[in-house]
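**Student:** As a plain string of letters, each chain reads:
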Amino acid sequence: MKPSDHTPIMRVRDLTKTFPVASSGLDRVRGLPAKSVKALTGVSLDLLRGETLGIVGESGCGKSTLARCLVRLYDADSGTLEYDGTNVLGLRGKNLRSYNRRVQMVFQDPFSSLNPRMTVGQVLNEALAVHRLRSSREIPGRIQELLELVGLPKDASERLPHEFSGGQRQRIGIARALSVEPETLIADELVSALDVSVQAQVVNLLLELQERLHLTVMFVAHDLRLVRHISHRVAVMYLGRIVELSSTEKLFSSPEHPYTQALLRAAPDLDPSRKNTLEAVHGELPSPLNPPSGCAFHPRCPKAFERCTLEVPKLEARGLEGHESACFLYEPSSKFKLNLNLLEKP
Amino acid sequence: MNPQTATTLLELRDLRTVFHTARGALTAVNGVNLSLHEGEVLGLVGESGSGKSVTLRSILRLVRPPGKVSGTVLWRGTNLLELPESRLRKVRGGEISMIFQEPMTALNPVLNIGEQITETLQEHTNLSSQDRNARATELLELVGIPSPKERLKDFPHQFSGGMRQRAMIAIALASNPKLLLADEPTTALDVTIQDQILKLLLRLKDTLGMGVILVTHDLGVVAQTCDRVAVMYAGRIVEVAPASELFAQPRHAYTLGLLNSVPGAQSTRRPLIPIPGAPPNLANLPPGCPFSPRCPYVTNACKLEQPALQAISSTRLSACIHFDRLEPVNAQPPPEVQP
Ligand SMILES: Nc1ncnc2c1ncn2[C@@H]1O[C@H](COP(=O)(O)OP(=O)(O)O)[C@@H](O)[C@H]1O
Ligand SMILES: Nc1ncnc2c1ncn2[C@@H]1O[C@H](COP(=O)(O)OP(=O)(O)O)[C@@H](O)[C@H]1O
Ligand code: SF4
Ligand SMILES: [Mg+2]
Ligand SMILES: [Mg+2]
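Chains as they are written, first to last, in the numbering used here: chain A, 117 to 462; chain B, 21 to 359.
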């Protein structure tokens with residue numbers, strides 16, 4: 117399936133989020149400046165109506181922070197976020213609630229996001245009541261519909277979360293998100309905690325629901341194989357920035373950014389005949405407290421040259437149309453073509 | 021490696037570990053027979069709860085009450101399960117070392133890394149105090165820790181996750197083990213760091229001539245690192261095969277189910293082929309083949325008697341009655357999607 121059309125439903129521009137880090141007493145006595153983690157540094161992307169956009173990257177690169185900023189669980193420090201033409205960062209009260217109904221987040225840990233003392237029926241009831249989508253008379257019927265939609269048994273509404281397996285709890289989380297009839301789902305490591313056989317069940321459910329309900333999905337995960345399977349397009353993050361964004365096929369067949377290349381080489385191949393004895397990439401992930409200058413990947417990059425240490429490469433089209441990367445090895449195609457990004461700004 | 025000519029390093033015979041709990045007896049390891057050859061990397065793979073960790077811990081008698089281990093663990097001719105505790109301690113952390121998913125559970129937070137290495141060296145080698153210090157630096161260098169001499173004085177919390185894993189490996193190697201038991205050593209790590217650690221382990225195995233049992237739930241890790249694979253389900257080994265043969269054509273319906281569940285490269289956005297249902301309750305196994313309630317190939321014969329793990333070729337074992345009827349990986353039509 118291809119996304120139903122290619123208009124962006126969500127536009128993210130230059131989103132930045134910094135977390136303060138508690139400094140030690142000694143640092144304060146010495147008068148050292150307060151430290152902070154730059155979790156997101158100028159993230160820009162479009163989420164297209166009806167697509168699944170995968171977000172991959174290693175731990176700490178900012179995937180969850182991005183997801184949380186998009187649903188306003190975190191307030192971004194700067195940048196803009198537009199949804200269906202509305203400025204989301206300015207929303208308050210009723211308008212924010214309405215946005216949160218249209219854009220729902222499904223969490224990583226099915227345990228922690230469910231109240232252990234509420235039955236599944238109560239969990240769904242609460243979600244439905246908050247947004248007043250159904251009259252109280254209609255709610256029981258809607259709950260049965262939802263349970264059926266996500267493949268849970270009818271009697272599930274009477275039971276508590278701990279009575280379900282991991283895969284079933286994840287279905288409950290999805291049912292709760294879907295209860296308010298959202299247009300967009302932001303799924304953060306939705307199936308990461310599940311065993312592969314159960315993971316496959318939940319992935320199938322997600323694919324099927326997306327078709328049936330015409331959902332737009334942002335699928336955040338660290339598992340490349342899974343993201344490849346499920347996404348139309350993929351964004352690769354490294355240390356708070358997107359370093360490459362492309363259609364899934366192009367990203368996996370001809371990755372441009374050396375980090376993407378390393379990530380793909382490092383992911384263990386299921387074919388034992390394709391063994392590689394060399395490390396995909398040397399060195400550790402740098403500390404986000406003290407990110408490297410220039411391209412954050414340069415200390416680990418086998419192809420880095422002087423410019424990489426001095427200047428931050430921009431995420432832009434550098435070759436194939438619709439394939440953006442942030443690496444100086446490639447000349448930006450905007451030098452020759454009209455740059456659409458510039459047109460948007462007054 | 022040809023199993024007929026290779027020397028057997030470790031042999032498990034009818035290994036059984038039962039936890040006697042208030043809810044009844046739970047058989048976590050259920051009659052496991054398995055052997056490891058010298059210099060071999062054997063993968064032990066299966067989903068969570070299948071008994072992989074308990075199997076590893078049972079080898080070294082690290083299972084605490086109410087767990088009870090029986091059977092035979094034959095290590096270079098001696099049954100470890102019958103060895104007096106004092107002699108077992110020489111083997112544990114000596115000839116056989118173990119590493120874990122969470123290095124912090126194995127590392128001592130109040131000793132620096134150097135002290136932890138020299139402690140092991142003191143217990144398991146005859147090196148002088150001076151030689152021990154030199155050896156500790158060597159070991160850190162061996163596992164790829166930069167400025168090893170300086171890092172010896174660091175405490176575990178001063179290391180990153182990947183470096184901690186390297187430090188734990190260095191401690192495990194201090195005794196010159198002949199066998200390394202590795203329980204999900206890279207599961208908590210990022211993929212580029214996992215790749216580094218796995219390649220490190222393979223290099224070390226070659227230079228030090230160790231055997232390795234690698235427990236993992238990740239089939240990609242198995243494909244990239246193991247010579248042979250044992251697949252575990254509900255406390256039992258259901259299939260053993262050289263890695264290349266296993267991935268080419270599984271010979272147990274559960275292995276086929278596992279491989280089908282993993283998203284492949286070609287099948288973008290098509291439904292995957294999951295295994296229906298969930299693993300059985302270990303305190304109350306179904307009769308016959310433990311996989312039969314979830315198996316698409318099940319027949320009456322499967323439910324009558326527990327199929328034994330049998331040789332099906334010169335290199336492979338399977339406990340599946342229908343081992344010769346299984347389709348190739350990803351060949352089954354996708355199942356009906358649940359309503
Ligand atoms: N609430 C928070 N307070 C302080 N730091 C945070 C918080 N959330 C995330 N961070 C930091 O921001 C960075 C990005 O984290 P996160 O978005 O969780 O990454 P990912 O989901 O990709 O693993 C990390 O360095 C993390 O430690
Ligand atoms: N100390 C214990 N007491 C009771 N049951 C246990 C104990 N340790 C493990 N088990 C049970 O044994 C089974 C196998 O566990 P484990 O070997 O850890 O699985 P795996 O490593 O394959 O995920 C599980 O059902 C687990 O709950
Ligand atoms: S910009 Fe330079 S350092 Fe960064 S990935 Fe490209 S070549 Fe490597
Ligand atoms: Mg996260
Ligand atoms: Mg385990």
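Simulated from the structure, these hints should not be mistaken for laboratory data. Heads up, some of the hints might be wrong.
What the hints assert, rightly or not - A few chain B residues facing chain A, derived, Cβ under 10 Å:
{"id": "1", "residue": "N196"}
{"id": "2", "residue": "R290"}
{"id": "3", "residue": "P294"}
{"id": "4", "residue": "P300"}
{"id": "5", "residue": "A303"}
{"id": "6", "residue": "H342"}
Values in this document were obtained by computation on a predicted structure and should not be read as measured data. Using N, Cα and C, we set each Cβ at its ideal position, and we do this for glycine too.
**Student:** The structure should be examined with respect to each hint, and the outcome stated for every one.
**Tutor:** Quick rundown of the hints versus the structure:
no.: 1; hint: N196; verdict: 23 Å, violated
no.: 2; hint: R290; verdict: 8 Å, holds
no.: 3; hint: P294; verdict: 4 Å, holds
no.: 4; hint: P300; verdict: 12 Å, violated
no.: 5; hint: A303; verdict: 16 Å, violated
no.: 6; hint: H342; verdict: 19 Å, violated
Violated hints, listed in ascending order, are 1, 4, 5 and 6; each of the other numbered hints is respected by the structure.
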